[in-house]
Amino acid sequence: MTTRKKSFSRPAGALAATVATVATLLSLRAAPGAAAGEARPVEILNASYDPTRELYRDVNAAFAKEYRERTGKDVTIRMSHGGSGKQARAVLDGLQADVVTLALAYDIDALADRGLVKPGWQARLPHNSTPYTSTIVFLVRPGNPKRILEWADLARPGVSVVTPNPKTSGGARWNYLAAWGSVLKAGKGEAEARALVAGLFRNVAVLDTGARGSTTTFVQRGLGDVLLAWENEAYLALAETGKDRVEIVVPKTSILAEPPVVVVDAVVDRRGTRAVAEAYLRFLYSPEGQRLAAKNHYRPRSTEAAAKAGRTFAPVATFTVDDLFGGWRAAQKKHFDDGGLFDALFVNR
Amino acid sequence: MRAARVTPSLLPGFGPALGVTLLGLSLVVLAPLAALLATSLRGSPAAFLAAVTTPRVVAALRLSFLLSLGAAAFSALLGLLLSWVLVRYRFPGRRLLDALIDLPFALPTAVAGITLTTLYAPNGWLGAPLARLGVPVAFTPLGIGVALVFLGLPFTVRTLQPVLASLDAEVEDAAASLGAGRFEAVRRVLFPELLPPLLTGATLAFARGLGEYGSVVFISGNMPMKTEIAPLLVMTKLEQYDVAGATALATILLVASFALLLLLNRLEAWAAGGRR
Amino acid sequence: MKAPRSREPRAVRLLLIGLAFATIALFLLVPLAAVFVEAFRNGAGAWLSAVSDPDARHAVKLTLLVAAIAVPVNAVFGLAAGWALGKFRFPGRSLVLTLIDLPFAVSPIVAGLVFVLAFGRSSPLGGWLTRHGIEVVFAVPGIVLATVFVTFPFVARELVPLMQSQGTDEEEAARVLGAGFFTTFFRVTLPNVKWALLYGIVLCTARAVGEFGAVSVVSGHVRGVTNTLPLHVEALYNEYAFQGAFAAASLLTLVAFAAMLAKAFLSRHAGEEAP
Numbered sequence: 001m002t003t004r005k006k007s008f009s010r011p012a013g014a015l016a017a018t019v020a021t022v023a024t025l026l027s028l029r030a031a032p033g034a035a036a037g038e039a040r041p042v043e044i045l046n047a048s049y050d051p052t053r054e055l056y057r058d059v060n061a062a063f064a065k066e067y068r069e070r071t072g073k074d075v076t077i078r079m080s081h082g083g084s085g086k087q088a089r090a091v092l093d094g095l096q097a098d099v100v101t102l103a104l105a106y107d108i109d110a111l112a113d114r115g116l117v118k119p120g121w122q123a124r125l126p127h128n129s130t131p132y133t134s135t136i137v138f139l140v141r142p143g144n145p146k147r148i149l150e151w152a153d154l155a156r157p158g159v160s161v162v163t164p165n166p167k168t169s170g171g172a173r174w175n176y177l178a179a180w181g182s183v184l185k186a187g188k189g190e191a192e193a194r195a196l197v198a199g200l201f202r203n204v205a206v207l208d209t210g211a212r213g214s215t216t217t218f219v220q221r222g223l224g225d226v227l228l229a230w231e232n233e234a235y236l237a238l239a240e241t242g243k244d245r246v247e248i249v250v251p252k253t254s255i256l257a258e259p260p261v262v263v264v265d266a267v268v269d270r271r272g273t274r275a276v277a278e279a280y281l282r283f284l285y286s287p288e289g290q291r292l293a294a295k296n297h298y299r300p301r302s303t304e305a306a307a308k309a310g311r312t313f314a315p316v317a318t319f320t321v322d323d324l325f326g327g328w329r330a331a332q333k334k335h336f337d338d339g340g341l342f343d344a345l346f347v348n349r
Numbered sequence: 350m351r352a353a354r355v356t357p358s359l360l361p362g363f364g365p366a367l368g369v370t371l372l373g374l375s376l377v378v379l380a381p382l383a384a385l386l387a388t389s390l391r392g393s394p395a396a397f398l399a400a401v402t403t404p405r406v407v408a409a410l411r412l413s414f415l416l417s418l419g420a421a422a423f424s425a426l427l428g429l430l431l432s433w434v435l436v437r438y439r440f441p442g443r444r445l446l447d448a449l450i451d452l453p454f455a456l457p458t459a460v461a462g463i464t465l466t467t468l469y470a471p472n473g474w475l476g477a478p479l480a481r482l483g484v485p486v487a488f489t490p491l492g493i494g495v496a497l498v499f500l501g502l503p504f505t506v507r508t509l510q511p512v513l514a515s516l517d518a519e520v521e522d523a524a525a526s527l528g529a530g531r532f533e534a535v536r537r538v539l540f541p542e543l544l545p546p547l548l549t550g551a552t553l554a555f556a557r558g559l560g561e562y563g564s565v566v567f568i569s570g571n572m573p574m575k576t577e578i579a580p581l582l583v584m585t586k587l588e589q590y591d592v593a594g595a596t597a598l599a600t601i602l603l604v605a606s607f608a609l610l611l612l613l614n615r616l617e618a619w620a621a622g623g624r625r
Numbered sequence: 626m627k628a629p630r631s632r633e634p635r636a637v638r639l640l641l642i643g644l645a646f647a648t649i650a651l652f653l654l655v656p657l658a659a660v661f662v663e664a665f666r667n668g669a670g671a672w673l674s675a676v677s678d679p680d681a682r683h684a685v686k687l688t689l690l691v692a693a694i695a696v697p698v699n700a701v702f703g704l705a706a707g708w709a710l711g712k713f714r715f716p717g718r719s720l721v722l723t724l725i726d727l728p729f730a731v732s733p734i735v736a737g738l739v740f741v742l743a744f745g746r747s748s749p750l751g752g753w754l755t756r757h758g759i760e761v762v763f764a765v766p767g768i769v770l771a772t773v774f775v776t777f778p779f780v781a782r783e784l785v786p787l788m789q790s791q792g793t794d795e796e797e798a799a800r801v802l803g804a805g806f807f808t809t810f811f812r813v814t815l816p817n818v819k820w821a822l823l824y825g826i827v828l829c830t831a832r833a834v835g836e837f838g839a840v841s842v843v844s845g846h847v848r849g850v851t852n853t854l855p856l857h858v859e860a861l862y863n864e865y866a867f868q869g870a871f872a873a874a875s876l877l878t879l880v881a882f883a884a885m886l887a888k889a890f891l892s893r894h895a896g897e898e899a900p
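Chains as they are written, first to last, in my numbering: chain F, 1 to 349; chain H, 350 to 625; chain D, 626 to 900.
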């Protein structure tokens, strides 16, 4: 018993050692994070959704060049890519992103609700803080063997559809709402819209977590007859794999997908990077930023930029989420929240 | 535990060693897990129950449990074959075969995931012929099963091997000389000895498979109600800002892990008792 | 070990060996081959440029850094646990053992989630850390913590049963002869368990280098900052850069290979330590 008593008097050293180790671990990243001051090269982090990898690779290089020419300072833009909801969630939980460029406004609303972005954020920049838009198109097998031309064709028996999961992917929510809205836009009612979307999801073969995963499944793994994709993603897949592997079909009506951008107020105010972060987002609206958007198959807000990039986009009669669904919050609640219409589709199939 | 005190008392260093152990355990394991329990208990029990009984959550849990169970059983069978061959026979390439068994354990799960998906996709080396036979593997529950068997194999082989090696073949001979047939000798002499390690290995494989993410998520297809595994659903719920739902499901998985560990302890005690 | 005599007819024996080879080939060799075939699909030059890309190099460095912290921490912890739980009996010992094993059975996703819940901005601790500019999750410390968590049991699992079966006779003899704690530990105990310790370290390293699920939850996926090598593989896979993804994967496979060989070598020696 004496040994035990004596030996218990010594854990202080071990405790101190462990505390020191933990303290060292914690300080590892703290140092460079706090050092983003004046003389050091500025570093900002852009947390974006999946299909923008190629776009921001171009934009970041062009902006860094422009910024150095204008201010004489170096800026490094770090990228993080993932599903739109995952990225917003990470920022909520502490990912130190100076700007977020996400797939839909709802994910930025989530940041605003928790005080990371100031209210009224969408009015800060022109065009609803959306410097470029896109729409939802179909990617089909060469020669379009299943004759998939319109939204109604997706619900036909025997058509295998690939789309990401609307629960996790912003692009997938656009896909879903585009299908739904196409019915409303044709003058039909909710019941018909529901029937189409139910039929569509009955045909879904693989539901990846992100838009990029779905493209991989369709293009590389050869699954499915049709992929519902962002227009930019479809063109990129076409460029990557060649016309002999896939074809793009643009439906007559589709949704106007508006992926917004915003400065994360809580982060830039703490890190002192507001000026450069705002300049970065404004650069997206500049002629050069617009040209790069068009080059990467996004529809720029400026038509001259599209012409300059040598891009023509197929005419589509578009509708917006505000037009047909009363905005993102209403759409999210009705369709995608737990117990919403999307869940009902899967539970009752 | 015969007496409620520390034995032996002659050696020093018990206090500091236990201190470091408990401190490490608390900081790295217990405190974070407590954060999970605290978060999941913040809501009412009714809300917790509601969160884990939605059809989609139930389907994901059922899929994860059934597939891990099936894969563990299949790993046990393959493990029996492999350990038998590795212990009882001598043949060229045995050493290499033996070392390769650990590959699924050593290979990062993401690498296993993309590799198995590439192999078993409808246009992959193994997936293409299988698809022509009408057996799609990738993006079906079968694909998840393949990944889980891959993952579980080292556990069953490595728990069976030492037991099989320690079993005296003479006992089988004796049984045979007493007139027992080969089948009888295996059933009466070998099987009771091999059952505990077989169950231990399968339980290890089951525990690992139940929580597995990296090697499964690429190949699974992720269809709600059909091929969506429970760990993925935790991620999905988190990404749609449903922290309560994510933590509730995570708590279920955590409790299952803990229960499996307790089961493992019993199995090991049984195996040790049986051999002595 | 004497070569075991086989009792099965030759045909049965050959059939079983054939089945074993087929199983290994189908489940293990084909995937292994696929990694390298895909990695070198576009030639050795493409492989080289994929693994020497700055982001890939940073991912390698980060992975090594994380392993370099996690493995020693767990080695020290494993030795402490081996001493306290292997050499002593005390009430609550089996509960502590079970808790040490827990990270092995916990889903990697749950492992990552608990750190986000504990250190994320929305937790009280995380809020305090954020206000003071200390990043834990979505930064390197979070990755280290998650890795320490998932590799926590590996060294202890090897050492506790061995030190228990070796008993305390040698240490007690050393004490009687007047040796202090450190002399006893470093001259008697450590040499007795060195192979098992190395074995545990190899397992721990393999898992630390390859961990994906838990790290994926806490990483934030910032290229060139918080992407470990397994996350880099995933990122490339999602960029139509399949060959690049498999090139990075081939590096990890080589590490796995080295771990396998080291394990096979060490397990022969570790067997000798058992009394």
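The reader is advised that the hints may include incorrect statements.
Below, computed lysine to aspartate or glutamate pairings styled on EDC-like, alpha-carbon distance capped at 20 Å [unchecked claim]:
no. : chain 1 : residue 1 : chain 2 : residue 2
1   : F       : Lys333    : H       : Asp591
2   : F       : Lys73     : F       : Glu278
3   : F       : Lys333    : F       : Asp322
4   : H       : Lys575    : F       : Glu190
5   : F       : Lys334    : F       : Asp322
6   : F       : Lys295    : D       : Glu864
7   : F       : Lys334    : H       : Glu533
8   : D       : Lys819    : D       : Glu898
9   : F       : Lys185    : F       : Asp322
10  : F       : Lys333    : F       : Asp153
11  : H       : Lys575    : F       : Asp338
12  : F       : Lys243    : D       : Glu864
No lab work stands behind these hints: they were computed from the structure. As the structure is a computational prediction, the values presented were derived from the model and not from experiment.
message: Between the alpha carbons of lysine 334/F and glutamate 533/H, is the straight-line distance 20 Å or under?
response: violated (65 Å)
- request: Mind checking the alpha carbons of lysine 575/H and aspartate 338/F for me, to see if they're no more than 20 Å apart?
  value: holds (17 Å)
task: Take a quick look at whether lysine 333/F and aspartate 322/F sit within 20 Å of each other, Cα to Cα.
output: holds (14 Å)
query: Under the criterion that the straight-line Cα-Cα distance not exceed 20 Å, is the pair lysine 819/D, glutamate 898/D satisfied?
result: Within the cut-off at roughly 9 Å; holds.
field: Agreement of lysine 185/F and aspartate 322/F with the hint, judged by alpha carbon distance not exceeding 20 Å
entry: holds (13 Å)
field: Pairwise hint evaluation, glutamate 278/F against lysine 73/F, where the allowed Cα distance is 20 Å at most
entry: With Cα atoms ~15 Å apart, lysine 73/F and glutamate 278/F stay inside 20 Å; holds.
query: Does aspartate 591/H lie within 20 Å of lysine 333/F when you go C-alpha to C-alpha?
result: Holds, at about 13 Å.
- request: Could you grab the alpha-carbon distance between lysine 295/F and glutamate 864/D and see if it respects the 20 Å cut-off?
  value: holds (18 Å)
message: Checking one constraint from the list: CA of lysine 334/F to CA of aspartate 322/F, max 20 Å. Satisfied?
response: Status holds; Cα separation ~14 Å.
- prompt: CA of lysine 333/F to CA of aspartate 153/F, is that 20 Å or under?
  reply: The hint is violated at about 27 Å.
- prompt: Going straight from one Cα to the other, do lysine 575/H and glutamate 190/F come out at no more than 20 Å?
  reply: violated (27 Å)
- request: Would you mind confirming whether the straight-line C-alpha gap from lysine 243/F to glutamate 864/D stays at or under 20 Å?
  value: holds (19 Å)
In terms of the numbered hints stated before, the structure departs from hints 4, 7, 10, listed from lowest to highest.
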